[in-house]
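Novice: Modelling step: build the complete structure from the supplied sequences, incorporating the hints.
Chains as they are written, first to last, in full-length UniProt numbering: chain A, 1 to 423; chain B, 1 to 423; chain C, 1 to 423; chain D, 1 to 423.
Take the hints with a grain of salt, since some may be wrong.
Distance windows between CB atoms, simulated [stated by the list, open to error]: (1) A:R306 x B:A233: 20 to 28 Å; (2) C:G261 x D:G360: 51 to 59 Å; (3) D:E227 x B:T375: 37 to 45 Å; (4) C:D201 x B:G85: 53 to 61 Å.
The set of hints was computed from the structure by calculation and includes no laboratory data.
Heads up, the beta-carbon is just placed ideally off N, CA and C, and yes, glycines get one too.
4 protein chains.
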Amino acid sequence: MDRDSLVSLRRDLHRHPEPAWCEFYTTARIAEACRRVGVDDLLVGPEVVDAESRMAVPDGDTLAEWQERAVEDGADAELVDRMAGGHTGAIATLERGDGPTVGLRVDIDALHITESESGDHHPASEGFRSEHEGYMHACGHDGHATIGVGVLEAVADSDFEGTLKVVFQPAEERVGGGKAIAESGHLDDVDYLYAVHLGLDHPSGEVVAGVDGFLAVSHLLAEFEGEPAHAGAHPEEGRNAVQAMATAIQNLYAIPRHDGGATRVNAGRAGGGTATNIVPEEAFVEGEVRGETTDLMHYMKRKAERVLHSAADMHECEVELSTEGEAPSAESDQALVDAFAAEAGGHPDVDSVVERDSLGGSEDATYLMQRVQQTGGLACYVCVGTDHPGGHHTSTFDVDEGSLWPAVDALSGAIRSVATDRP
Amino acid sequence: MDRDSLVSLRRDLHRHPEPAWCEFYTTARIAEACRRVGVDDLLVGPEVVDAESRMAVPDGDTLAEWQERAVEDGADAELVDRMAGGHTGAIATLERGDGPTVGLRVDIDALHITESESGDHHPASEGFRSEHEGYMHACGHDGHATIGVGVLEAVADSDFEGTLKVVFQPAEERVGGGKAIAESGHLDDVDYLYAVHLGLDHPSGEVVAGVDGFLAVSHLLAEFEGEPAHAGAHPEEGRNAVQAMATAIQNLYAIPRHDGGATRVNAGRAGGGTATNIVPEEAFVEGEVRGETTDLMHYMKRKAERVLHSAADMHECEVELSTEGEAPSAESDQALVDAFAAEAGGHPDVDSVVERDSLGGSEDATYLMQRVQQTGGLACYVCVGTDHPGGHHTSTFDVDEGSLWPAVDALSGAIRSVATDRP
Amino acid sequence: MDRDSLVSLRRDLHRHPEPAWCEFYTTARIAEACRRVGVDDLLVGPEVVDAESRMAVPDGDTLAEWQERAVEDGADAELVDRMAGGHTGAIATLERGDGPTVGLRVDIDALHITESESGDHHPASEGFRSEHEGYMHACGHDGHATIGVGVLEAVADSDFEGTLKVVFQPAEERVGGGKAIAESGHLDDVDYLYAVHLGLDHPSGEVVAGVDGFLAVSHLLAEFEGEPAHAGAHPEEGRNAVQAMATAIQNLYAIPRHDGGATRVNAGRAGGGTATNIVPEEAFVEGEVRGETTDLMHYMKRKAERVLHSAADMHECEVELSTEGEAPSAESDQALVDAFAAEAGGHPDVDSVVERDSLGGSEDATYLMQRVQQTGGLACYVCVGTDHPGGHHTSTFDVDEGSLWPAVDALSGAIRSVATDRP
Amino acid sequence: MDRDSLVSLRRDLHRHPEPAWCEFYTTARIAEACRRVGVDDLLVGPEVVDAESRMAVPDGDTLAEWQERAVEDGADAELVDRMAGGHTGAIATLERGDGPTVGLRVDIDALHITESESGDHHPASEGFRSEHEGYMHACGHDGHATIGVGVLEAVADSDFEGTLKVVFQPAEERVGGGKAIAESGHLDDVDYLYAVHLGLDHPSGEVVAGVDGFLAVSHLLAEFEGEPAHAGAHPEEGRNAVQAMATAIQNLYAIPRHDGGATRVNAGRAGGGTATNIVPEEAFVEGEVRGETTDLMHYMKRKAERVLHSAADMHECEVELSTEGEAPSAESDQALVDAFAAEAGGHPDVDSVVERDSLGGSEDATYLMQRVQQTGGLACYVCVGTDHPGGHHTSTFDVDEGSLWPAVDALSGAIRSVATDRP
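Specialist: This is the structure:
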């Protein structure tokens, strides 16, 4: 695949950003590109993930709208049809003899952000700004998907001996897709897994060979239901969901700190009630807990759930809790760090190799890394720097397309090297 | 005005429900009816109220939309134009010699409720269901306005000596219009003021000659503003508006009870935040306080404001408070109660006269009553029962049109009687 | 019993104030005075009350100390011995033929207040200031007990036909004794019951024939138990009783107001923890709820218990709840009000008879009134005014001894009158 | 000083434990021992500290009691007299020529803990259990003071060239004395400072050459004052200090976590109110905040102070805040770590040298370390392991007296070595 084709693919994806579990067009375009590369196996549809493990799946109407739009945008209707119900994402496999199985994970979803129309914003001036108003590839997943296709082609054209699986994962932004991929079992034979991210405040020319410091995270939604009443005439007849909500919020933030490491809690969205003179019947808290380790996150989650249940009980409300997204923490294995560092270090477009850096945020590639490590394999998360004018998740974010090649080259090089050296 | 005309007016108003300060069509139709009656003076537009005292006025776009719709619905464009900017409502005056000045207050606004389409619902089956989808006369103000016109006509046709002012007040549902009428000064020469409401759980054939027990009320809106931050990476950089909101809600409900009488508080609507992983920058509480007396309401309001300010301060947020509506408590004067009871008692369609009853809710006619009483006059709030299938403020509410006549007759009778007897 | 003897008894009791369930000396002195009067039956010891229904009984050491002190102060050791374990109080009965059974209830306990030593304070200047330092008859129960004895004697010396039971009730100040008397069954044959209080801000010469407006009350003690931990080294290992306490307090005050009438809540005492650097293992809230009716009090109590349980649960603590005192609301029956008003009105020392007044506080005579009313009898609570220099429950409270006679006379007169008239 | 004398001194101090700023006997005994060693300068009394910087000083009565007891226990009355008002502690100086100034800090106060009487508890079985019932040397400061004297003697008897200052610091347990020593200026000429602690869960034979990981700490006392009121009759007249307290506690625990490192908060003691039926007039919170760095502690302290002020303001209470103790974080300098490790490593009673370990708690030697480092010197905190049957701050804590010699030897060796090598 030449550079023009890669840039063209990336820009096509950029023009058609789709949110979590709605990546119908994106998956269809990726599938076509994989077929053109000549993969040996291509999974699309329900078999890609463990459907029950998907989190943060939108409602049926939303899914149907995006599905329809994908076809209108020109996606292959038959392919899109196989993804009905939010079964997006793909796994492409190359089989090249008896060597080990190597995996690469890239994510493909976009964000609910309106893209800048400024003349300074490259996608706007070059004509590939988002055509899905209000949605945007503001975290570089268009680039990640493109890298996934590029690596497939580069490895296909090489003397690689073994099996390569490239996972195009949906719903990373909601930490909703990682677990469903991990639970599918498709990674259980993977010996070495890489995951890759562009940017992360590293400039073009710099790579990080091993990213660590993922905070394990869980997104919680609590929906309180009480009983309405006229606040003037019969306040005692109400069961006040907003009081339950407020009590919960106060106590969520007050979960004791933990000696074992960093923890976080946030009631990021909350609300309830319908009118000033009605005792509120319904309220919700949508929040998250994090921990420096998966155990610390579970400590916070267990405490949070108790707070939410007790606050509901105190105000005679019902509460329904759901996990809207989740990801564990993870560590990159040194052997894969070394292999990537060696390949990247020799690349003409790379002038600085950082051995290890800390993410300080959350990401659900960790589910895949954990799965591989638990089944005896090694895993590593790498970052390829890219000059990005705006920050991640802002309307002026963009990637330097020149950073796609070192990403493709260093990853395909590392994949071939670990297949040979079996570290 | 014959019965058919009154019913026809009521149904026209019912088909065109308009919310607070958007009663453009309603006012225009009332004005036309008043002209037809032949009033001596008719105020429409900015001079009706003290503009600064209006509360809960919608934003300019909303006002403009309703203004435009009124003209589309057939209202007199010139009249509507005079009401631009939410200057709805009207005051119609009859001058008939040297007697005292008597006032009658009716309210004219509708609610943000979708009207029932059921075949059992009389307006639906008879073809005068709301044409403004999502809005509805669910509290009988269409009937009140009609009674106002009916009383004007009945008094005009009588031997009444004195002055009659009928106030068609906007924005009662938000307790936003009463103060603006009171502060206009138009009631300062009124010796005797009646206000009237249909229904209130009293059946057709029953009237209440003196309604009391109005809870004074104030609607408060608190808007908190903090500082967003990434909840995982830099929680300490945020100033958390949702924490301020939760602290405020907990302490609002905990304002000490008062020995002087009943008090109420409700955080009826609250919310904030944008995403699970962002420390919330904005939040709000929209609530109300009430008191058995105006002083008790002010006690609650003063405490509530302190709670809201301190909660903001605690979490380093700004808070902006606004009063979205307000009404004092009031008592009906016995002389007017007696006069109405006498007239109603003799009416063929009335079989039960309750001398006094308690409202147990709030209503801003109290501002007008208070104004008249403070300037030496007498005031009285009466209720004319009506069989209403659904409760007030529900989608199946309707008035028994047969109750309009006893209302018109008893009110016009009482007005003539107090003008003569000068109690 | 002449006036000097009554004054002498009152001053003796005043010098020996004893708190709830520790009225050993007081009961012994009352018993002696009753014997001198020549009562037909005198209950002292465990049979006076239903022992299980006693509330707020002190621990055994405290009881033993007061018991010992009573003997040291000169009380009859054998009598005191019968009261061991806090079985104080007495019921004296006169049987005089076939008439109805009339009851009189007086209370006998003192307060944990240090009596004034000022020369302006009559008991101090006259030499009958409290000899139990830190305790004081600051609510006139020394006078009430004396009135009880005085009434016994006056009725004994009269032509009364029927049965008179005078109940000398312990532990009113903790609302801990009323239920135990009521549950004893000794009032089940009482046809007419009076209870009496001196003062209540009414001056000498004024009486209130029917006191109402008792707020029903319940005293609650909640004891939280969690788990300690080093707050610096292992905060997560604690289960924080002070967090449970704070959450409970915030939500206790926020129990919704009730449309049915006045309610109250107070977390009057609270505390917990041992050191700044230890996660608090223990905490408590001692508070009360009240209601204008017994039902309203129970509404508040039910809500409060839920708050306390849920707050404990939220912070993984245990909580033990106990009712430390309780009293219902009550109303005075008109026939007894009339009888007392008639007697008092004719008394030379009474210049003003208020028919009805509201207490606005709580008192557990209501248990006795309720019991009599439930078994078909009538009950009435009267107040005999007395000039009291300091307020009730302050160190300079005192009663005007001149008000003892109108109390004795009007009560004994009313008792004889209802026995005759059987209203 | 021979081993018997050291053991004898340690046991004498153990028998006479004294809390913060009450170390009258202890200081007197230390002063005598220092004189016997033959120090060149000995500071006792007000000149030892900066009096204004003392924190957690008890009230005058408490100080006077302990002062009196010290004399009764046999302390030199003249010496004790110089310490009146809580001016305990001492600084002993050896001047031995032109070398650098080396400092050693030991702490001398005891805890409010009742010592075990068990036969298994060595001080009990050997007859040197605490004679100050309820107080105990449960953290080894009796040993620390003894080591200070031992080092003075060992250095005095050596070829050391330079100046040695041994600081016997009061009030470490309340983190109340460190700042007062630091602010005195006596350390401003110190080039090298050691501080020493026994035990810390390290067994006899093990030493830690550089202790780090001190959590900076601040102890806060907040005293709320409102207005009492009768909770039944006039709840609205109160200003409720317990509500302020509860709001503060809830929000203290909810101070946002910090990305920069570990933080802690604890409301270790709290309470208020006097009676169930009185709106509480007074309440307090005594708590602490900690941070992995001094900046993080100050972040928490600033937030805590704002919470406390706003909570008071919300409930119309006054609040008075005071800092009851404080200590920064600190790091041990490598050169001093190396010097101590070298000396300890060669000692026959030491079989394991841990180069660095983390304390995980707080200690105010950090004030002294910080002062020396800020004036250009080096500082190091060392730990000498000792088998301690019970944990620190428990009733069965004891030190293995055999660990006193390696402590004295290694410290005096390191002092001589840094004086010579001037690292």
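Novice: If a hint holds in the structure, say so; if it does not, say that too.
Specialist: Hint-by-hint comparison with the structure:
no.: 1; hint: A:R306 x B:A233: 20 to 28 Å; in the structure: 26 Å, holds
no.: 2; hint: C:G261 x D:G360: 51 to 59 Å; in the structure: 56 Å, holds
no.: 3; hint: D:E227 x B:T375: 37 to 45 Å; in the structure: 39 Å, holds
no.: 4; hint: C:D201 x B:G85: 53 to 61 Å; in the structure: 57 Å, holds
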